[in-house]
Amino acid sequence: MSGDVALRADAVTRRFGHFTAVSDVSMEVGHGEVVGLLGANGAGKTTLMRMLLGLLPVSDGAVTMLGGPPNRERRRRVGYVPQNLGLYRDLTLAENLDFVAETYGTAVPSLPDDLLPYAKVLVGSMPLGAQRQAAFVAALSHGPELVLLDEPTSGVDALARARLWDTIRAQSDEGVGVLVTTHYMQEAQQCDRLLLMSHGELVAQGSEADVVGDTRALSVRTDDWSATFAALNAAGVPVILDGRAVRVADTDPAQVRSILDGAGIEGTVEAVPATIEERMLVLARA
Amino acid sequence: MTFGVEDVSVTFGDTTALRDVTIEVPAGTVVAVVGGDGAGKTTLLRTLVREASPDAGRVSAPAKAELGFLPASSGSWAALTVAQNLDFAAGAYGLTGAARDERRSELLAAADLTAAKDRLASQLSGGMRRKLGFLMAIVHRPGLVVLDEPSTGVDPVSRVDLWRLIAQEAASGAAVIMSTTYLDEAERAGHLVVLDGGEVLVQGSYDEVRATFSGTVTSASTPVREAWSWRRGHDRHEYWPDDDASADREVVAPDLEDIVIALSLVRRLAGVSA
Numbered sequence: 261m262s263g264d265v266a267l268r269a270d271a272v273t274r275r276f277g278h279f280t281a282v283s284d285v286s287m288e289v290g291h292g293e294v295v296g297l298l299g300a301n302g303a304g305k306t307t308l309m310r311m312l313l314g315l316l317p318v319s320d321g322a323v324t325m326l327g328g329p330p331n332r333e334r335r336r337r338v339g340y341v342p343q344n345l346g347l348y349r350d351l352t353l354a355e356n357l358d359f360v361a362e363t364y365g366t367a368v369p370s371l372p373d374d375l376l377p378y379a380k381v382l383v384g385s386m387p388l389g390a391q392r393q394a395a396f397v398a399a400l401s402h403g404p405e406l407v408l409l410d411e412p413t414s415g416v417d418a419l420a421r422a423r424l425w426d427t428i429r430a431q432s433d434e435g436v437g438v439l440v441t442t443h444y445m446q447e448a449q450q451c452d453r454l455l456l457m458s459h460g461e462l463v464a465q466g467s468e469a470d471v472v473g474d475t476r477a478l479s480v481r482t483d484d485w486s487a488t489f490a491a492l493n494a495a496g497v498p499v500i501l502d503g504r505a506v507r508v509a510d511t512d513p514a515q516v517r518s519i520l521d522g523a524g525i526e527g528t529v530e531a532v533p534a535t536i537e538e539r540m541l542v543l544a545r546a
Numbered sequence: 498m499t500f501g502v503e504d505v506s507v508t509f510g511d512t513t514a515l516r517d518v519t520i521e522v523p524a525g526t527v528v529a530v531v532g533g534d535g536a537g538k539t540t541l542l543r544t545l546v547r548e549a550s551p552d553a554g555r556v557s558a559p560a561k562a563e564l565g566f567l568p569a570s571s572g573s574w575a576a577l578t579v580a581q582n583l584d585f586a587a588g589a590y591g592l593t594g595a596a597r598d599e600r601r602s603e604l605l606a607a608a609d610l611t612a613a614k615d616r617l618a619s620q621l622s623g624g625m626r627r628k629l630g631f632l633m634a635i636v637h638r639p640g641l642v643v644l645d646e647p648s649t650g651v652d653p654v655s656r657v658d659l660w661r662l663i664a665q666e667a668a669s670g671a672a673v674i675m676s677t678t679y680l681d682e683a684e685r686a687g688h689l690v691v692l693d694g695g696e697v698l699v700q701g702s703y704d705e706v707r708a709t710f711s712g713t714v715t716s717a718s719t720p721v722r723e724a725w726s727w728r729r730g731h732d733r734h735e736y737w738p739d740d741d742a743s744a745d746r747e748v749v750a751p752d753l754e755d756i757v758i759a760l761s762l763v764r765r766l767a768g769v770s771a
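These protein sequence lines are chains X and A, in that order. Heads up: the first sequence at position 141 corresponds to 401 in our numbering, and the numbers run straight through without jumps. Heads up: the second sequence at position 36 corresponds to 533 in our numbering, and the numbers run straight through without jumps.
Lysine to aspartate or glutamate pairs mimicking DMTMM-like chemistry, simulated, CA-CA at most 25 Å apart:
id : chain 1 : residue 1 : chain 2 : residue 2
1  : A       : LYS561    : A       : GLU503
2  : A       : LYS614    : A       : ASP598
3  : X       : LYS380    : A       : ASP534
4  : X       : LYS380    : X       : ASP350
5  : X       : LYS380    : X       : GLU362
6  : X       : LYS380    : A       : ASP511
For the chain X half of the interface with chain A, some residues (derived, Cβ under 8 Å), not all of them:
id : residue
7  : LEU419
8  : ALA420
9  : TRP425
10 : ASP426
11 : TYR444
12 : GLN446
13 : GLN449
14 : GLN450
15 : PHE489
16 : ALA490
17 : ILE500
18 : ASP502
19 : ARG504
20 : LEU541
The set of hints was computed from the structure by calculation and includes no laboratory data. Positions of the beta carbon are idealized from the N, C-alpha and C atoms, including for glycine.
Throw the hints in and build the complete structure from the sequences for me.
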């Protein structure tokens, strides 16, 4: 391993004309650490990711990848699984892996047992869970020291997702730094540390509790969730259906009670810890 | 009015896509169908809107004019503007003139798409495009709303917004059924259905699902029985269907993720001694 961390951004900014897509972001991914990058559309995740990989020049600041500025030589030591998986759907699994081995000049990776039946199957005809597993095999075959994953487990069932996380953890246990961008809260909870971006800035980092910060939510329970939901929605507060109750993010309990009173609805209003999604919702509305 | 399917099985050639599935979709409720790729979610929804015919069982759904369906693929026309897409869908249900204009304004405002009404659908973000598809599915105020993965690939803030629109339909009295790969969305539905390999693994409200789940889930860095364990962060959770967990294990309160994985393991490992 090279350098003290696998990946670091120091006060990185990217401007497009008068628009600042990423503003003064500093972050790092340690060796053996799994870091989750969260943010709504337009928060700047993709622009940051492209700068971290050296695919887009920074306007200000510096990126250090595996001990130096990102370049072709260092990118060879990075594994990347894009959201669309980066496999050729019209080639068989074996042909895809031959291609990857040729590209990196490494030995053709051996298939895990559960992928063996698919060796001669076109990737486009494989079940999605198997395709995702295959994309991991391909991206990890050259022994990367840093791995970037874009929504690595979307679309697969809970058990398949847990199995894919075994593969990710096997990498971090070997000292590989892993950066995961995700929209998926269950995926975020698998990470060691989270980064939250909004409007181009890094607004929070740390554990789930750190990222939620002091955002509060209210749980509203009444006999009639639909009337409650309709009244709160009409009043324009950020209301979310929650089973047969509703939640309201970042709103004064007195305001919620007065909306309920106005609609002639009785019920309880209880302060509860907010979720990461609710924090993101509050940031987006700010 | 309650819609749904009863003892439905659907086969495609040698493949059984659904086996003996019974699901009720009452008016005023959001039913969330959760499962991975190949679980049978799309087949179930297509059966309900009569785009797939069951080999056995009964389907209870209203006539076409009372059905709203958002397919998993886009649901809107890329070369039309937002307003043109909505008007086209409205026209297909015979909604024209002032009534159509009023409905269009109302829907665009509710979805926060008024400012985007003259943009081509191809130029919308993923979240906005799914919202448009949803509006097109409900433009004629259907009694049964069927949504195939409305939120897949949509960012969390747009998902909350979509979820608000969907809940509003149920609050106004529609029966709503939607598929999702997000367990947290299923947790928030009034009724959730977990599909696995074409069969119902479990269904009910989240509280009911938790209450009926039996067995013990433990957490430790190293499991006793690898095959019955799964990863949660640095630790592994492990399922003991017969409540016979080793005494040294820390017992955890299972969340929906744990329950779904535990029941999936039972289905796959049935007959294998624990």
